[in-house]
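Asker: Sequence:
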Amino acid sequence: MALQLKALSDITRLQIYNQAKTNEVCACDLIKKYNLTQPTLSFHMKQLVACGLLYPRKDGKWVKYRLNYFAHLKLKQQLSD
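In the working numbering, the protein residues as written are 57 to 137.
Hints are not guaranteed to be accurate.
[Claimed, not checked] Below, in silico cross-link-like pairs of lysine to aspartate or glutamate (EDC-like), each with a Cα-Cα straight-line distance of 20 Å or less:
1) Lys102 with Glu80
2) Lys77 with Asp66
3) Lys120 with Glu80
4) Lys88 with Asp66
5) Lys117 with Glu80
6) Lys114 with Asp137
7) Lys120 with Asp85
[Claimed, not checked] Label-pair ranges, simulated between beta-carbon atoms:
8) Ala58 with Gln94: 24 to 30 Å
9) Leu135 with Thr93: 28 to 34 Å
10) Gln133 with Cys84: 29 to 35 Å
Bear in mind the hints are in silico, worked out from the structure with no lab data behind them.
Note that the structure is predicted; figures quoted are calculated from it, not measured.
Even for Gly, the Cβ is constructed at its ideal location relative to N, Cα and C.
Full structure from sequences and hints, please.
Answerer: This is the structure:
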C-alpha cells in the first residue's frame, strides 16, 4: 500500500490514475493532455505500473494503460478500514 500511495502522491500520476478509472488511456493522449515529454510520461507510468495500479498493453507503437481493478478495490478498502 505504501508504494501505491507514494505513486499517487504526485498530482500528474493521480490525474492519470483517475482518468484510467473510467477508461483505458493511451500514452499518446496523455502526452498531449498533460503537456509531458515522452521520457517524463514514461517515468510516471513506470511508477503506476510498478506498484500494481495500472496494467500496460502494447498497441502498435503506443502503449495503452488500464486500471487494475483488484488493486484499486484493495487500496480503497484498506483506506476505509
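Asker: Quick check: which numbered hints come out false for this structure?
Answerer: 6
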